[in-house]
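Novice: Here's the letter readout for the chains.
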Amino acid sequence: MSDLFNVSSSPHVRSKDTSSRIMQYVILALLPTTAFGIYNFGIKAAILIVVTIASCIASEWIYEKIVHKESTIKDCSSIVTGLLLALNLPPTLPWWEAVMGGVFAIIVVKMLFGGLGQNFMNPALGARCFLLIAFAADMTNFAIDSYSGATPLAAIRNGESVNLMDMFIGRTAGTIGETSAIAVLIGAIILILLGVIDLRIPATYIVTFVVFLLLFSGHGFDGNYIVAELCGGGLMLGAFFMATDYVTSPITPMGKIVFGICLGIFTGLFRIFGANAEGVSFAIILSNLLVPMIERYTVPRAFGVVKEAKKHE
Amino acid sequence: MTFKGGVHPYDGKDLSKDKPVSELLPKGELVFPLSQHIGAPATPIVAVGDTVLRGQKIAEAGGFVSSPIYASVSGTVKAIEPRRVAVGDMVNSIIIESDGEMKEAEFVKTDDVTKLSNEEIIGKIKEAGVVGMGGAGFPTHVKLSPKEPDKIEYIIANCAECEPYLTSDYRRMIEQPEKLVAGMRIVLQLFPKAKGVFGVEDNKPDCIAKLKDLVKDEPRMEVAELMTKYPQGGERQLIYAVTKRSINSKMLPADAGCIVDNVETLVAIYNAVALGQPLMNRIFTVTGNAVAEPQNFYICIGTNYQEMLDAAGGFKGDCKKMIAGGPMMGFALFGLNIPATKTSSALLCFTEDEVEAYKETACINCGRCVEACPELLIPSRLADFSKNGLMDVFEKWHGLECVECGSCSFACPAKRPLAQAVKTMKKQALAAKRKK
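Those sequence lines, one after another, are chains A and B. The first sequence begins at 0 in numbering that gives the first Met the number 0 and counts up by one. The second sequence begins at 0 in numbering that gives the first Met the number 0 and counts up by one.
Rather than coming from a laboratory, the hints here were simulated on the basis of the structure. These numbers come from a predicted model, not from an experiment. By construction, the Cβ of each residue, glycine as well, lies at the ideal position given by its N, Cα and C atoms. The reader is advised that the hints may include incorrect statements.
[What the hints assert, rightly or not] Cut-off 25 Å, straight-line C-alpha distance, at most; resulting in silico cross-link-like pairs (SDA-like, lysine to any residue):
1) B:K3 - A:Q23
2) B:K386 - A:L3
3) B:K432 - A:P299
4) B:K414 - A:G303
5) B:K414 - A:V298
6) B:K422 - A:V6
7) B:K108 - A:Q23
8) A:K15 - B:F63
9) B:K142 - B:K18
10) A:K15 - B:K3
11) B:K422 - B:K150
12) B:K435 - A:S14
13) B:K150 - B:V86
14) B:K358 - A:Q117
15) B:K18 - B:D254
16) A:K64 - B:K315
17) B:K12 - B:T227
18) B:K395 - A:G303
19) B:K432 - B:M250
20) B:K358 - A:G303
21) B:K315 - A:I293
22) B:K358 - A:R300
23) B:K18 - B:E351
24) A:K73 - B:M250
25) B:K432 - B:K18
[To be verified] Reference excerpt, derived from the structure (chain B facing chain A, CB under 7 Å, subset only):
26) M0
27) Q55
28) L274
29) G275
30) E351
31) E353
32) L375
33) L376
34) F409
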C-alpha cells in the first residue's frame, strides 16, 4: 500500500440516504394500493402487475446490455415505473399489451432520453397514454366480474348518483390502483413521514382543482360532487405518486407550487370541458412539459440577496 | 433560533468531548508558515542560526491586512524554506528547532484593561498576531476596525461548533469560560453601543449553563441557544439566527451591524490585551474512529501533526482517511508531515472513506440539496452549470452566494460531489471577475 492517503474535496461524510432507498420507500408506500387492487380485482390484477414490472426491469436490463452501459436496474426505479404503470391499467387489459406499455415506458420515455433523471415525462404516464391511443377499447373497458363497467366519474358525467363510501374505500370499477382513495392516502402518509415527498405539489394541485370545480363545474358548492371528483379517477394516485415524481417536477420550491396550480387547472379543464371523464394523466404529462419553463421563472433569490433595482449602465 | 436549510450529520463529539485538555510539549522542529491568515504573508525578521525565545516575534505583518507570527517554543532557527501545509500548498516557513526549555520572552500585563484606549486595544491585538481561529484566519484587528464603528450593534461569539467531531471550543467553554467572557468584555469596550451574544448550539447545555451563570451580572451580554444544525456556525447563518438580519456574499457582517468572533479568537484577544501574550497556542482535537485515544490538546502552534497523532496513541485499526479540520469543511490530507497553524482545529482519522465507499449515481432531481442549502440555492443545477462551463447562468442562479458548507453533497442520495462542482465554478467566476 502506498504511504499517501486518499485526498478528496470536502465534505468528507455523506448521509445514509441513497436513490435506491428512496425508490424502495416509494414501492413500500404503493403496497396498500397494490394490495387493495389485487383484493378488489382478483388474480387478473396480480398477473398484470407482475407482468408489467417484469417487462420494465427486463427492458432496462436488455437496453443497457445492447448499448454497453453499466446496468442500473439495482436502483429500483424501473420497479417503481412498472408498478405505477400497472396501477394505471384496467384489470382486464390483455397481458401482452401491458408488456408493450412497460417496454414503451422504459425504452422510449426513459432510456432514449438518457436514462434515470433525464426523461422529461413521467414514464408510467407516457406509457399509459401510448396504450390509450394504441388500444383505446381495451384501455377503457372496465367491466369485470362484479362491476358493470362504468367508472364513478363516467357515472357522474351521465348524471347518475354514486356511493361516496364505496369510492373512498375503492369498491368501484376503474384502473387497478386508482379506485381506493384511502389506500392511496395511507401510502401518501408513508411518503410524507419518510420524507420522500412534501405537500407542496399535491396540496396546491388539490386545492386548485377544488377551486376550479367551484368556479366552473356548474355544480356550485356541492360537497358530495367535490368529494366524488377528488376520490374518483386517478386524482389521488396522480397527486401523491405521479405529480410528485422528482425527475419530472420542478426542483425550485416556488416552481413546485406553480406546477401544482397548473395541474389543478389542466385537470379541471379536461374533466369538465374535455371529451373524457378522466384527465389526470394528460394534465400531469402536459405539466411535465412546462417544467423547464416553470423552473426558469422561479429561480429562488439566494439568502441575503435583495431584489436589485434596475441598474443604469 | 436558527436558519433555513442545513443538515444533521452524525456528530461524533462523544469520542473526545469528555477528555480534559492536556498540554502537549513539542519535541524537535516546529514549522511556522508565513501565511497563516488571509492577506499578505508575514516577513521573517529572524535569520538562520538565531536563537529565539518563546513569545518572540519571528515575522512581521506584511501589510495592514496581515498578521505577525511568534515563536511558540524557545530554540534555534534552523531554516527558512517552503514547507507543505494542511491545504496541500507549499508555503514559505520559518523552521525552529526547539531546545525543550520553553524559555519565555517577557510579557507585559495590563492590570486595568478599561483604562486602555480603543487604539491601544486594537494595537495590542494586531501586535499579538490574533486572527480568526475558527478556520478563515481573517486578521482580527481588521475586523475590529469597521468603517462605521457606531453602527455595530452585536458582537457575536461563535460558540456553535457545528462541525461534527470537533470539541476544542467545547472544552474551552467548559474549562475556561471566564477567559471567553473576558475577551468579549474587551471587544464590547471598543463598541459601546453593541451587545455581546454568545451563540451556542443546544447540544451543549453544560456550556450554555456555565455561560449564562457568568453573564448574569453582565448587562451587555447574553447567551443565545441555537438549534443544533449544521452549518449553524457559518457566519451568515449565525448572524441570521441571532439577529434575523441576512447578509450576502458582497456584504460584511458589519453591514448588518455585527462582528462575529470565534471562541478561541476571543480568548486570544483576552491573552493579547490583558496578559500581553502573543498568539502561540490553541486547543486542538485529535479524534475519529481510527485514533487510539481521542484527545484535546493544548498545543504550540507549529507542532507537527504526526506528533499530535502519536500523543493520542497513534492509529487504531486501518486508517483510510485523514482530515485537517471538521468532516464537512476540512481538508483531506495525504500525509501528516504538516504543522498546526493558528487556524488548525482538529485532526480526524477515519477507518472508512465515505466518499469512496459510495458510488455516484444519476441525479433524480429529488431536491434534497435544495432543502439542505442554507443559502437557498439549487445546488444540483449549479453543479450541472459548472460541469458544462455555463458561467453566466451559474451567476444568474446565484452560484456566487455559495458558502461552501458542503450540506448539498452530504444530503445528495445520488452521492454527487455537488459542493466540489459549485466551488470549482465559483473559483473560476471570481477569477474572471478579478481579471476584468
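Novice: Against this structure, judge whether each hint is valid.
Specialist: Going down the list of hints, with the structure as the test:
1. B:K3 - A:Q23: Measuring from Cα to Cα gives roughly 28 Å; hence the hint is violated.
2. B:K386 - A:L3: violated, 28 Å
3. B:K432 - A:P299: Cα-Cα ~23 Å, so holds.
4. B:K414 - A:G303: violated, 28 Å
5. B:K414 - A:V298: Within the cut-off at roughly 23 Å; holds.
6. B:K422 - A:V6: holds, 16 Å
7. B:K108 - A:Q23: violated, 66 Å
8. A:K15 - B:F63: violated, 46 Å
9. B:K142 - B:K18: Not OK: K142 of chain B and K18 of chain B at ~33 Å, beyond 25 Å, violated.
10. A:K15 - B:K3: holds, 22 Å
11. B:K422 - B:K150: violated, 33 Å
12. B:K435 - A:S14: violated, 40 Å
13. B:K150 - B:V86: violated, 36 Å
14. B:K358 - A:Q117: With a Cα-Cα distance of about 19 Å, the restraint between K358 of chain B and Q117 of chain A holds, given a limit of 25 Å.
15. B:K18 - B:D254: violated, 39 Å
16. A:K64 - B:K315: violated, 44 Å
17. B:K12 - B:T227: holds, 13 Å
18. B:K395 - A:G303: holds, 15 Å
19. B:K432 - B:M250: holds, 17 Å
20. B:K358 - A:G303: violated, 35 Å
21. B:K315 - A:I293: Not OK: K315 of chain B and I293 of chain A at ~53 Å, beyond 25 Å, violated.
22. B:K358 - A:R300: violated, 32 Å
23. B:K18 - B:E351: Satisfied, since the Cα-Cα distance of roughly 24 Å is no more than 25 Å.
24. A:K73 - B:M250: violated, 47 Å
25. B:K432 - B:K18: With Cα atoms ~47 Å apart, K432 of chain B and K18 of chain B exceed 25 Å; violated.
26. M0: Violated: closest Cβ of chain A sits about 16 Å from M0 of chain B, beyond 7 Å.
27. Q55: violated, 35 Å
28. L274: Hint violated; L274 of chain B Cβ to chain A Cβ min 35 Å, cut 7 Å.
29. G275: violated, 37 Å
30. E351: For E351 of chain B, the interface hint is violated, since the closest Cβ of chain A sits about 10 Å away, which is over 7 Å.
31. E353: Hint holds; E353 of chain B Cβ to chain A Cβ min 5 Å, cut 7 Å.
32. L375: Holds - the Cβ of L375 of chain B comes within 7 Å of chain A, reaching about 5 Å at its closest.
33. L376: L376 of chain B check passes; min Cβ-Cβ to chain A is 6 Å, inside 7 Å.
34. F409: Holds, about 5 Å.
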